[in-house]
Each structure stands twice: as C-alpha cells, then as structure tokens.
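Asker: Residue strings, one per chain:
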Amino acid sequence: MEEELISKKELLELKGISYGTLYRWKRKQLIPDEWFIKRSVPSGQETFFPRDLILERVDSILNSKEETSLDDLAKVLYGSPVEMNITLNELVERKMISDAARSAAEPFITGPTDYYGALTVFSIGREIDSGDISLDDAGTMIRSMAAAEDREMLRQGVTRLYRKQGVTFCAIISDASKVSMDVSSKLVLEISMPRAAAAFKAKLLPNKGEEEDE
Amino acid sequence: MNDLIVNGKSVVSGGTFGKVNVNGIVSIENDVICDTLRLNGVCDITGNVKVGGKAELDGVCKISGDLDAETIDFDGHLSVSGNMSAESAALSAVLSAEGTFNVGSLDLRFYFGSRVNEIVGSTIKIRRGRLAMTFRSELIEGDIIDIEHCEIRTVRGDDVVIGKGCRIEKVEYRNELTVHPKASVRETVKLN
Numbered sequence: 001m002e003e004e005l006i007s008k009k010e011l012l013e014l015k016g017i018s019y020g021t022l023y024r025w026k027r028k029q030l031i032p033d034e035w036f037i038k039r040s041v042p043s044g045q046e047t048f049f050p051r052d053l054i055l056e057r058v059d060s061i062l063n064s065k066e067e068t069s070l071d072d073l074a075k076v077l078y079g080s081p082v083e084m085n086i087t088l089n090e091l092v093e094r095k096m097i098s099d100a101a102r103s104a105a106e107p108f109i110t111g112p113t114d115y116y117g118a119l120t121v122f123s124i125g126r127e128i129d130s131g132d133i134s135l136d137d138a139g140t141m142i143r144s145m146a147a148a149e150d151r152e153m154l155r156q157g158v159t160r161l162y163r164k165q166g167v168t169f170c171a172i173i174s175d176a177s178k179v180s181m182d183v184s185s186k187l188v189l190e191i192s193m194p195r196a197a198a199a200f201k202a203k204l205l206p207n208k209g210e211e212e213d214e
Numbered sequence: 001m002n003d004l005i006v007n008g009k010s011v012v013s014g015g016t017f018g019k020v021n022v023n024g025i026v027s028i029e030n031d032v033i034c035d036t037l038r039l040n041g042v043c044d045i046t047g048n049v050k051v052g053g054k055a056e057l058d059g060v061c062k063i064s065g066d067l068d069a070e071t072i073d074f075d076g077h078l079s080v081s082g083n084m085s086a087e088s089a090a091l092s093a094v095l096s097a098e099g100t101f102n103v104g105s106l107d108l109r110f111y112f113g114s115r116v117n118e119i120v121g122s123t124i125k126i127r128r129g130r131l132a133m134t135f136r137s138e139l140i141e142g143d144i145i146d147i148e149h150c151e152i153r154t155v156r157g158d159d160v161v162i163g164k165g166c167r168i169e170k171v172e173y174r175n176e177l178t179v180h181p182k183a184s185v186r187e188t189v190k191l192n
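Protein chains in written order, with my numbering: chain D, 1 to 214; chain E, 1 to 192.
Just chain D, with the same shape it has in the complex (with noise of 0.2 Å):
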C-alpha cells in the first residue's frame, strides 16, 4: 500500500513555513523523524513525507501555536502519552469513538481508563465505523489489547486480527518484521499504531483547552 507523498519543497511552499521552522519542530518533536523519508530523485535526494499526516500536522501546529507552548503541544501530538482518565461515555461525549465502539468496549473497559485505554477503544473504533470489522471482532481485539501487559506496545506496536478456521485471534506486536505466523491463519486486519495514536492526538487537541479549565 502505497501511501501519497509531499515533497519537503512542495510543502514549505504550501504552507508558507520556513526550513528552520520546520526543523525546530523536529527538533521538538512535533514532526516525528520516521515521517522524514529520503528518496532519490534525478536532481540527487529530495525529502518526502506522508502527505495526509503531515498537512493535518502542519495545520494542528499552526493552529494553535498562539496558546500553547510548542514543549506542551509536542506532549499531546507526540512523544510521551497524555495523562488522562476518561470514561467510554465521555469519549462518545466527545464524539472521540461512536455508540458502536462504546458497545464494543463496555464488556472489557468499565470505569474510567487511561491514555493506553483510550487509544485501544479509539484505534478498534475506527475500523468498526469503516465496516472493516464485526463488533464480536471488535470485542476480540479490545480485549487482547486491554490485557496487554506491556502498555506502550500499545501506541509503539502493530495490532493484528487473525482467523483461522473460523476462530478469529488478537496479535499484538512490537516489531512487525519479525513475526512468523501458521501458514493457514489469515491476516484480517492490521492496524499501525503509532498511525492510530497520531490520528488519536490530533482529536484530542481541539478539546486541550476545555481540559484545562476543569
């Protein structure tokens, strides 16, 4: 699957932005280094990133820039997991997960939960609201995820949906690159991580501000 892409060039242009701005959000992390993709072009090399998640990026970061601090900002957008503990009914509240993925979730996350928490019922969500998966699915894969051991696999990992003869089963995985599974088992659906945690991010920043005040 191969992703659009935008020129370094392309999107300094676009956006009006400077090459030491861009740096200094590296730098700060707001941009990660794995969206700085090198290519070789015909005029030497040229800089790439993903298209979408770079634009959405660039736009959250100009938006609001005037009322955070870019440490604060790279806090929420990236890096270091947000401090929260937020209930399944406050997420549908803020229109973070649908009915569906409440429905999903309720039977393995009751009570308030944490970023990790929030993430696995936004991530599986997602793919609920596409029609790629089944609610039982769903359940499956929220409940392999909320049972993890190592959180941070969680926003760093890979999580797939396999099924074999008819029996579907959770994968959760640090390093996709490594993994060897029975021949006869079919990948389902795979869901990045850090794609999901970035798109996870960039709705709760909108609402940052509302956090603050309580």
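Be aware that a few hints might be false.
[What the hints assert, rightly or not] Cβ-to-Cβ under 10 Å is the rule here; a few derived chain D residues that face chain E:
(1) L22
(2) R24
(3) S69
Please keep in mind that the hints were generated in silico from the structure rather than gathered at the bench.
Just so it is clear, CB atoms sit at the ideal spot from N, CA and C, and this is done for glycine as well.
Since chain D is already given, all that's left is putting chain E on it; use the hints.
Answerer: Just chain E now, kept in the frame of chain D:
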C-alpha cells in the same frame, strides 16, 4: 535528583542526573540524561546524551550515540557517532558527526578537517579556525547560511552567502545568493 560529579580518572555508569560535572578523564557507560552537563577534560560516553539545558564542554569528548541539548558551548574536539540537536550551538572545535546536526542557530569555528554529514536548521554560520583545512558536509540547509572554506555537496537556503575557499556542488536558494570570487559553485538554482 542526584548529581554526577567526577574528578580525576574513572569509569562511571550513565543514568538520569541533575547536574553532570566532569573534571578529568572519564568514561561514562550507557545513556546520560541530565539538566546540565559540564566537562573539563576527556570524556568518552558510550550512549546517547540528552541535556535539558546547557552542555558546556572544554576538552575532548567522544559520544557513541546522539547528543541533544538546549544549548551547546564547546571548545575542543567533539566526535559524535549519531545525530546532534540544539536550539543554539557555539563551537570552536574539531567537529565530527556521522549523522545530522539539527540546530536553531549554529556558530561554528572549525579546526583541522572537520566533518558533519548534514547540518539543518535556521541560522548557520561556519568559519575556519587557524591552521584549519576545509569543512566537509553532504548538505547544509537553513534559512540563513553564511559559510567559508566549506566543501559541500548541496547548500539549500533562503539567504545564502558562499564565502571564500568554498567548493559547492549545488546551491539552491529562495531569496538571495552571494558568492565570493574565491569560491566555486558548480550549479545554482533559484527556487520558485
């Protein structure tokens, strides 16, 4: 938080500290995370170094990993096997870095044959120290670039001054380019 104060000659292990002060000859094993770093002497660090505030170093320092600090003030000989980053850096040094140096404002006076793979940032100024030769890099990219005695494959910036003794393969600039008569630039491109 604990400080790490070392005087004399020793081998210590890294970790998270408030202040790190080193006087003497010291090997630090593993990553060092600290608020401030001060070195007088010789220091060999096998790991990444992350300084929340100022890194002030006089002497010889070898880092097998990345060096990140808010500000870097360095006189001496610095070699870094990974990437470097700082909001501002003033170096009067023999500098070698295998990776990318991402720096807000850089003021470098280089000695001997210094080399950094890539320098990117906002304001980049490079001058030659006494008896030095040329500074080498694959890429220098920033808003304001002012360099002398540099041998660079690509220089890319808004306002670019290519000073005496430079040999540049390709310069891409957005606003203004000045090339010293005693400099050579093989190809120039004005962007947009």
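Asker: Each hint should be assessed against the structure and marked as holding or not.
Answerer: Now for the hints, and whether the structure bears them out:
1. Interface hint status for L22(D): upheld, as the beta-carbon distance to the closest one in chain E is roughly 9 Å, under 10 Å.
2. Look at R24(D): its Cβ gets to within about 6 Å of chain E, closer than 10 Å, so that hint holds up.
3. The criterion of a C-beta within 10 Å of any C-beta in chain E is not met by S69(D), whose closest approach is roughly 13 Å, and the hint is violated.
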